[in-house]
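Just so you know, the sequence shown maps onto residues -44 to -1, 1 to 492 in mature numbering (1 follows the signal peptide of the UniProt record, and there is no 0).
To be clear, the hints were calculated from the coordinates, so they are not data collected in a lab.
Ideal Cβ placement from N, Cα and C applies to all residues, glycine included.
Among these hints, one or two may not hold up.
Unchecked claim - Distance condition first, Cα-Cα at most 20 Å in a straight line; then the derived EDC-like pairs of lysine to aspartate or glutamate:
no., residue 1, residue 2
1, K40, D76
2, K253, E75
3, K310, D327
4, K371, D480
5, K458, D480
6, K40, E75
7, K10, E73
8, K40, E220
9, K253, D480
Said to hold, decoys possible - Estimated spans, in silico, between C-beta atoms of each pair:
no., residue 1, residue 2, range
10, W334, S270, 47 to 55 Å
11, A240, R37, 48 to 56 Å
12, T74, G50, 21 to 29 Å
13, R202, A239, 35 to 43 Å
14, A330, R455, 16 to 24 Å
15, N422, A282, 41 to 49 Å
16, V473, G259, 32 to 40 Å
17, A282, S338, 45 to 53 Å
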Amino acid sequence: MQQSADRDHGSGRAGGGHRVRLRAALLALPVALVGLVPATAAHAAQGGVVQTDKGAVRGTTADGVESFRGIPYAAAPNGARRWKAPQPAAAWSGVRDASSFGNVCPVLPSTNGPRSETEDCLFINVQRPAGTKAGDNLPVHVFIHGGGLTNGSSNQNDEAKLVADTGVIGVSMNYRLGVFGFLATSQLTAEGGQSGNYGFLDQQAALRWVQRNIRAFGGKPYEVTIDGESAGAYSVCGHMISPESRGLFNQAMMQSTYCPSRTEAQAESASASFVSAVGCSSAADPLACLRAASPAKLLDASGGFGSTFVHGTSTFPEPTQTALAAGRFAHVPVLTGVNRDEGRTFVAGATGTKADYLTYLSRSYGARADDVYAHYPWPAQSDQFTYAYLLGALLTDNGFIGGCVQSDFVHTLAKYTRTYAYEFDNRTGPGLQQFPGYVWGAGHAAELAYIWPSFNNGTPIAPLFNAGERQLANEMTKYWGAFATNGRPRVAGQTSWPRFDKHGSTISLRPGGQSVVIDQAQFDAEHQCGFWSTFS
């Protein structure tokens, strides 16, 4: 998920709904996300023209899907508009070419893409089944990209498979990231009434664009499902909680998330080192100094900046965890889940000896280190990545988006609204292979390749699937499409996916038609939640 939120507010699970804060050493582990690159349709033909509220756009058609890319949904947030709520996009005359993605928002280079310094980046993409016309009233699936709220873009989440296989309309958007989207200072708060949530406000603006325009593309504005993975799922959780997002969606899907927030004072404190690094902390007008700085200068000073939602604002009136616990969130149908080996992505390639592991346990768990070792022992047969696998297991079971924390999260949601839970459990499939010999398993982001185009160092992952994994990809796509269509992941001929209930019914998604429903006792045993519940 988002490194920054985890660093500031990460916590594990304890019994009775209580939580324990993870040790900083655990949260500071390196992160490697799935390498994703923009998908482009081969031999795309000219598509139709759609009239939006700002002007006409022409898309392209390929493989039964018509795509409209790079449509402005807000004005460029540069100059005087930097660190302000998104402003309306300008209208245009004629027909705008919507065959290519828009600019990526300013980001540092990562496995999610190269460096970008372009602030003119608030674009939205729409994909629909070829032949769709206004008035067809198709359900709408909006995907919010991940990347820790610091990197990534909508360019990496082509919805063609979901659109072609299930008949929904797919939407994705860019939003401001890192310091451009989540900076908080006292001057910004005084100027705008709040600060620190600009990237989230962009997402809201994009969802309002959907409400105004999706009918023209053949979609149904009152049947909108928002979905996201990692920081995208964190964003979905934010929209469920924020009163300003009410009425912008009807269903929610969250893939691997936790939902923290921080106060304005905490956000301003976290932003202070960035302001100093830019050289603006001692300026007569620090905000004017920041707005005068080039995107390149801001990016160069942004390393280590943490992006987390800010509460005590009109966007988030109270702490997100408080709102969740009290049921003060949109009571819409929810589908949510995690991956069986979430933590393996965050520690990919880490090496260490048994002595290093014991030192780590002592530093992280103190007097309980021996207890943890008894449950997560160093095996008799080890290899160069044993250290990583053990740290990954700790993160998977008791980390900020791990199994036991997820269990608490799902139980909270299910108290108030219809909820469906999953665990992605293909532990042997192809995926991110940055370190030869490292077994990624069902790590964080592993499930993306089964619905969206995902790449390992530029090589598509899906073509490497075996027959059982191709079947799982098709089944998952149909589950996602069914939920977007009717709020229930029910698909004829596939494993029946029950509502999460008092038994903790959760579908374990496995290849080869072997998906199975497990109960709370099985899930807890898998992640040793009984043990972690003894921590306080």
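Now for the hints, and whether the structure bears them out:
no.: 1; hint: K40 <-> D76; in the structure: holds (14 Å)
no.: 2; hint: K253 <-> E75; in the structure: holds (13 Å)
no.: 3; hint: K310 <-> D327; in the structure: holds (16 Å)
no.: 4; hint: K371 <-> D480; in the structure: holds (19 Å)
no.: 5; hint: K458 <-> D480; in the structure: holds (14 Å)
no.: 6; hint: K40 <-> E75; in the structure: holds (13 Å)
no.: 7; hint: K10 <-> E73; in the structure: violated (26 Å)
no.: 8; hint: K40 <-> E220; in the structure: holds (16 Å)
no.: 9; hint: K253 <-> D480; in the structure: violated (47 Å)
no.: 10; hint: W334 <-> S270: 47 to 55 Å; in the structure: holds (51 Å)
no.: 11; hint: A240 <-> R37: 48 to 56 Å; in the structure: violated (22 Å)
no.: 12; hint: T74 <-> G50: 21 to 29 Å; in the structure: holds (23 Å)
no.: 13; hint: R202 <-> A239: 35 to 43 Å; in the structure: holds (39 Å)
no.: 14; hint: A330 <-> R455: 16 to 24 Å; in the structure: violated (36 Å)
no.: 15; hint: N422 <-> A282: 41 to 49 Å; in the structure: holds (46 Å)
no.: 16; hint: V473 <-> G259: 32 to 40 Å; in the structure: violated (44 Å)
no.: 17; hint: A282 <-> S338: 45 to 53 Å; in the structure: holds (46 Å)
Checked against the numbered hints given earlier, this structure breaks hints 7, 9, 11, 14 and 16; the rest are met.
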